[in-house]
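Sequence lines, in order, name chains L and U. Letter 194 of the first sequence, counting from 1, is numbered 193 in numbering that gives the first Met the number 0, and no numbers are missing. Letter 102 of the second sequence, counting from 1, is numbered 101 in numbering that gives the first Met the number 0, and no numbers are missing.
Derived by calculation from the structure, the hints in this document are not laboratory data. Take these hints with a grain of salt, some might be off.
Claimed, not checked - Here are the simulated lysine-lysine pairs, DSS-like style, with alpha carbons at most 30 Å apart:
#1 K23(U) x K218(U)
#2 K450(L) x K19(U)
#3 K23(U) x K450(L)
#4 K152(U) x K221(U)
#5 K19(U) x K152(U)
#6 K23(U) x K138(U)
To be verified - Which residues of chain L face chain U? A few of them, derived with a C-beta cut under 7 Å, are:
#7 R35
#8 V131
#9 W204
#10 L205
#11 L206
#12 L217
#13 R242
#14 E254
#15 N261
#16 G269
#17 T425
#18 K574
Unchecked claim - Per the computed footprint, the stretches of chain U lying under chain L, defined by three or more beta-carbons under 8 Å from a beta-carbon of chain L, are:
#19 41 to 51
#20 72 to 80
#21 87 to 98
#22 110 to 119
We put the beta carbon where it would ideally sit given N, CA and C, even for glycine.
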Amino acid sequence: MSAPFSSTDPIAIAIMGSGGAGAITAGGLLLEAAGRAGWQGLMTRSVGPQIRGGEALAMVRLATAPISAHGDRFDLLLALDWENAERFVGEVPLDANSLIIADPAAGEPPAALRASGAPLLPLPLAQLAKGVPEGRANIVALGVLARWLALPLEPLETVVVRALARKGGSAAHLGQALAVGYDAAAGCNGFRRPLPPVLDAGARWLLTGNEAAALGALRGGIRFAAIYPITPATDLAEWLTPRLQQVGGQLIQAEDEIAALNMALGASYGGVPALTATSGPGLALMTETLGLAVAAEIPVVVVNVMRGGPSTGIPTKSEQSDLNIALYGLHGDAPHLVLAPTSVSDCLFTTQWAVQLAETLQCPAIVLSDQFLGQSQAVCEPPPADSAAPARVTAPVSSERYDRYALTASGVSPMAIPGRPGQQYTADGLEHNPHGTPSSGAADHQAQLDKRRDKLLRHDYGAAWAEVEGEGEIAVLTWGSAAGPVREAAARAQAQGLAVKAIAVRLLAPAQPARLATLLVGVQRVLVVEQSHSQQFLGYLRAHYLLPTDIRILNQPGPLPIRPAAVLAQLSQWK
Amino acid sequence: MNSMSKPEILHFSHAAKDYKSDVKPIWCPGCGHFGVQAALFRALAQLNLPPEQVAVVSGIGCSSRLPAYTECYGFHGIHGRALPLATGLKLARPELTVIVASGDGDALSIGGNHFLHACRRDVDLTCIVMDNAVYGMTKGQPSPTTAPDWHSKIAPGGPGFNPLQPLAVALAAGASFIARGFSGDPNGIVHLLIEAIRHPGFALVQVLSPCVTYRPEEKAWKQQVHAAGVEPTADPVEAARRLFADDGLSTGIFYQRQPSPPTAPLRPASRDLTAIEAAFAL
Ligand SMILES: Cc1ncc(C[n+]2csc(CCOP(=O)(O)OP(=O)(O)O)c2C)c(N)n1
Ligand code: SF4
Numbered sequence: 000m001s002a003p004f005s006s007t008d009p010i011a012i013a014i015m016g017s018g019g020a021g022a023i024t025a026g027g028l029l030l031e032a033a034g035r036a037g038w039q040g041l042m043t044r045s046v047g048p049q050i051r052g053g054e055a056l057a058m059v060r061l062a063t064a065p066i067s068a069h070g071d072r073f074d075l076l077l078a079l080d081w082e083n084a085e086r087f088v089g090e091v092p093l094d095a096n097s098l099i100i101a102d103p104a105a106g107e108p109p110a111a112l113r114a115s116g117a118p119l120l121p122l123p124l125a126q127l128a129k130g131v132p133e134g135r136a137n138i139v140a141l142g143v144l145a146r147w148l149a150l151p152l153e154p155l156e157t158v159v160v161r162a163l164a165r166k167g168g169s170a171a172h173l174g175q176a177l178a179v180g181y182d183a184a185a186g187c188n189g190f191r192r193p194l195p196p197v198l199d200a201g202a203r204w205l206l207t208g209n210e211a212a213a214l215g216a217l218r219g220g221i222r223f224a225a226i227y228p229i230t231p232a233t234d235l236a237e238w239l240t241p242r243l244q245q246v247g248g249q250l251i252q253a254e255d256e257i258a259a260l261n262m263a264l265g266a267s268y269g270g271v272p273a274l275t276a277t278s279g280p281g282l283a284l285m286t287e288t289l290g291l292a293v294a295a296e297i298p299v300v301v302v303n304v305m306r307g308g309p310s311t312g313i314p315t316k317s318e319q320s321d322l323n324i325a326l327y328g329l330h331g332d333a334p335h336l337v338l339a340p341t342s343v344s345d346c347l348f349t350t351q352w353a354v355q356l357a358e359t360l361q362c363p364a365i366v367l368s369d370q371f372l373g374q375s376q377a378v379c380e381p382p383p384a385d386s387a388a389p390a391r392v393t394a395p396v397s398s399e400r401y402d403r404y405a406l407t408a409s410g411v412s413p414m415a416i417p418g419r420p421g422q423q424y425t426a427d428g429l430e431h432n433p434h435g436t437p438s439s440g441a442a443d444h445q446a447q448l449d450k451r452r453d454k455l456l457r458h459d460y461g462a463a464w465a466e467v468e469g470e471g472e473i474a475v476l477t478w479g480s481a482a483g484p485v486r487e488a489a490a491r492a493q494a495q496g497l498a499v500k501a502i503a504v505r506l507l508a509p510a511q512p513a514r515l516a517t518l519l520v521g522v523q524r525v526l527v528v529e530q531s532h533s534q535q536f537l538g539y540l541r542a543h544y545l546l547p548t549d550i551r552i553l554n555q556p557g558p559l560p561i562r563p564a565a566v567l568a569q570l571s572q573w574k
Numbered sequence: 000m001n002s003m004s005k006p007e008i009l010h011f012s013h014a015a016k017d018y019k020s021d022v023k024p025i026w027c028p029g030c031g032h033f034g035v036q037a038a039l040f041r042a043l044a045q046l047n048l049p050p051e052q053v054a055v056v057s058g059i060g061c062s063s064r065l066p067a068y069t070e071c072y073g074f075h076g077i078h079g080r081a082l083p084l085a086t087g088l089k090l091a092r093p094e095l096t097v098i099v100a101s102g103d104g105d106a107l108s109i110g111g112n113h114f115l116h117a118c119r120r121d122v123d124l125t126c127i128v129m130d131n132a133v134y135g136m137t138k139g140q141p142s143p144t145t146a147p148d149w150h151s152k153i154a155p156g157g158p159g160f161n162p163l164q165p166l167a168v169a170l171a172a173g174a175s176f177i178a179r180g181f182s183g184d185p186n187g188i189v190h191l192l193i194e195a196i197r198h199p200g201f202a203l204v205q206v207l208s209p210c211v212t213y214r215p216e217e218k219a220w221k222q223q224v225h226a227a228g229v230e231p232t233a234d235p236v237e238a239a240r241r242l243f244a245d246d247g248l249s250t251g252i253f254y255q256r257q258p259s260p261p262t263a264p265l266r267p268a269s270r271d272l273t274a275i276e277a278a279f280a281l
């Protein structure tokens, strides 16, 4: 059967299996091998609520150009078994042009999957694995996939051996398991979806968004972190702990999120750039302390990896519903920074930028990542080498009286660091005068409110405030991980002759109305795309920006991702 | 300097007044917290600690106003969170002397969880809890150390709950230095504070500090407080016996042991970022 696709379309593969079957491992190895062979790609894992075991799904998408979202459908579903597979039906859209490969010993595919019309190719994966010493069905499956994708076996063997030989697998046996799968898949030749040829196989990195954010933090100069574990931010902390130690810093597990942020604040007050990472429930606990960081003017970064809310919500799934609390959750008039990465790899740049801005502007910065960005693994181009200089303005030692909260042209007052003589001051959440002495006077309150607002407004954030692609009289306004499907839909619309400008806002606060106005010159229609039930992003845009009157909104809560086709469908209404 | 080395008493080049700022305290005349302030300045002077090497960190309450009244570095944070704030500072800057100024409400009620974990972590901090068995700043509500029958507007006839015993709690939670003083006994608290600051782990000093405005009857502490007459013990069983047999009005160092070694001491950098980043290359 010849598939009705262009040979350059990305290819999407889902690997499913119960806990311990190795579906996620196989997905990761496939992505790594394809990355080494020169492809770009993305893998998202989906797991059930079980702590260990349970069912697992790896969604891998491979392409010749960078991609930052999953598509509308899957080309292949490979099932190691069908335990609890119903749970994943919504996440793996199949159609008559898809293929299901499954072990007949595992029984029939669930009816919902059969209903897609995708043909079923039975392959006795478990039995084939038994024929190889230490054979595992997921490795045999990787051999099958190599054939189906026309992926050279060599890079696959390299990554499989490197990853699994450590766990005691012998290289010869692993290679044998791959070969068995490869041979067994001869029967799938008719269904094959060979990977499009790679044009430029330059240097590539493979990392998750949480790793990228943590690395961005290190690049920005973070040397202290305090964290209370919470899904899906914990793996960020676990990656960071040994690396912080290697660069002479430290990570402390605090007793709760309030303590975590206060510890970070204490370290930063001491002159050591500091961070915490959390998710919605933790961010909620941190809001009072964030206000302290605003009032006392102490740099600190909170990476908030969003999950479904409210309350405990859906801890393992993505949603963009912490926008309001990040923007407005602080009591009082408390200007601060809110930033959002626009792709897995952008977690690095955005977090590094957040650290630099927080340090420069002496205020808290919230980075709104999400479970999709944080826990997806992506192949990307290596970021440019790092050349950041320390950003904090500290007070030069002088014999003059030191005013910690001096009113300056930029609004930023040089910060004293404990240990330096002659500049002792008390950092205070109480309103204060320029010297730092508590004051409840109207003039001091007005002056300090103005100062804390103006230092953010006067800073030149440059073009990085948003990511803009394309030109057209239709603009799509989006943010965070929703930028992925928007990018893809905009490109498709462009190909269909609909000129679209995709704008992903990276700097959410302070809002940049003048900059957006410039971008919207000539734009008649705006589509807003976000993953929240209550249209939080639309509300934010309406509050801070002038928008054309012709507005459509695509807002969808988690846990299912926004698909490019849904964005395209909205755009097509304007055709 | 690592966190285990402590300032020694050197020649006297600092006087108590060198630690006093020109900010006028908001405290009521006769408030016990004045005595704590004066004693802290004397202790710092006797330890000859340069003011810029000392950070006084606090939460919210009358007692927590102390930092701005000192010439040291200070951080007046939010209610109950002084201990994690101070912990972060001390871990990041181990060479600084970090002192926490707190009240019974701040440290034991809203900050109770942090109190337990600060004791458990045993980081080198001196935590002064100025205990007046009342919320002074919010004008007279019961605190976790208030007797069950103390009448107030919010709890007519008394809160009806038993007070907690901060020192026994600290012992159970793992603090390595536990003492009690009385703000009306300046020499006594100077001595306790010197020992507490020199102690290289978490040192808790509960100071009975009368709130003359909302608990005027606490003025009688002057007559009731008495020396415990014990030498510090490193035996937690003996310390527990002392603390549970105690009337809550005795002063002295009840417990002191070698602090627990830090679990993750600061290490010099062993790798640069490029080496760390290399692991991401395919
Ligand atoms: C989150 C929060 N809740 C409540 C308050 C109000 N508040 C201020 S001080 C205080 C109690 C202080 O009592 P204590 O720590 O015993 O100090 P004292 O004033 O008696 O010295 C309270 C409840 C606050 N500032 N912040
Ligand atoms: S209210 Fe009580 S604790 Fe507060 S300053 Fe007055 S006497 Fe001291």
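Hint check:
1. A C-alpha spacing of about 23 Å is found between K23(U) and K218(U), which places the hinted pair at or below 30 Å, so the restraint holds.
2. Annotation: proposed proximity of K450(L) to K19(U) holds, straight-line Cα distance about 29 Å (limit 30 Å).
3. At roughly 26 Å between alpha-carbon atoms, K23(U) and K450(L) fall within 30 Å of each other, so this suggested pair holds.
4. Taking the CA atoms of K152(U) and K221(U), the gap is about 26 Å. The hint holds against a cut of 30 Å.
5. Taking the CA atoms of K19(U) and K152(U), the gap is near 36 Å; set against the 30 Å cutoff, the hint is violated.
6. For the hint pairing K23(U) with K138(U), the CA-to-CA distance comes to about 20 Å; that is within 30 Å, so the pair holds.
7. Because the smallest distance between the Cβ of R35(L) and any Cβ of chain U comes to about 5 Å, under 7 Å, the interface hint for this residue holds.
8. About 27 Å separates the beta-carbon of V131(L) from the nearest beta-carbon of chain U, more than 7 Å, and the hint is not met.
9. Because the beta carbon of W204(L) sits about 4 Å from the nearest beta carbon in chain U, less than 7 Å, this interface hint is met.
10. For L205(L), the interface hint holds, the least distance from its beta-carbon to any beta-carbon of chain U being 5 Å, beneath 7 Å.
11. About 5 Å separates the beta-carbon of L206(L) from the nearest beta-carbon of chain U, less than 7 Å, and the hint is met.
12. Checking L217(L) against chain U: minimum C-beta separation of about 6 Å stays under 7 Å; hint holds.
13. The beta carbon of R242(L) comes within 5 Å of a beta carbon in chain U, closer than 7 Å, and the hint placing it at the interface holds.
14. Residue-level restraint check for E254(L) holds (minimum Cβ-Cβ distance to chain U is 4 Å; threshold 7 Å).
15. Hint status for N261(L) relative to chain U: holds, with the closest Cβ pair at about 4 Å, below 7 Å.
16. Restraint check, G269(L) versus chain U: the minimum CB separation of about 4 Å is within 7 Å; hint holds.
17. Hint on T425(L) holds. Least Cβ distance to chain U is approximately 3 Å, under the 7 Å limit.
18. A hinted interface residue such as K574(L) counts as satisfied when its beta carbon comes closer than 7 Å to some beta carbon of chain U; here the least separation is about 41 Å, so the hint is violated.
19. A count of 3 residues in the region 41 to 51 of chain U with a Cβ less than 8 Å from any Cβ of chain L is obtained; the coverage claim is therefore met, three being the minimum.
20. Against chain L, the region 72 to 80 of chain U contributes 7 residues with a C-beta closer than 8 Å to a partner C-beta. That satisfies the three-residue criterion, and the hint holds.
21. Residues of the region 87 to 98 of chain U with a Cβ under 8 Å from some Cβ of chain L number 8, which satisfies the need for three, so the listed coverage holds.
22. Check result for the region 110 to 119 of chain U against chain L: holds, 4 residues qualifying (beta carbon to beta carbon below 8 Å, three or more required).
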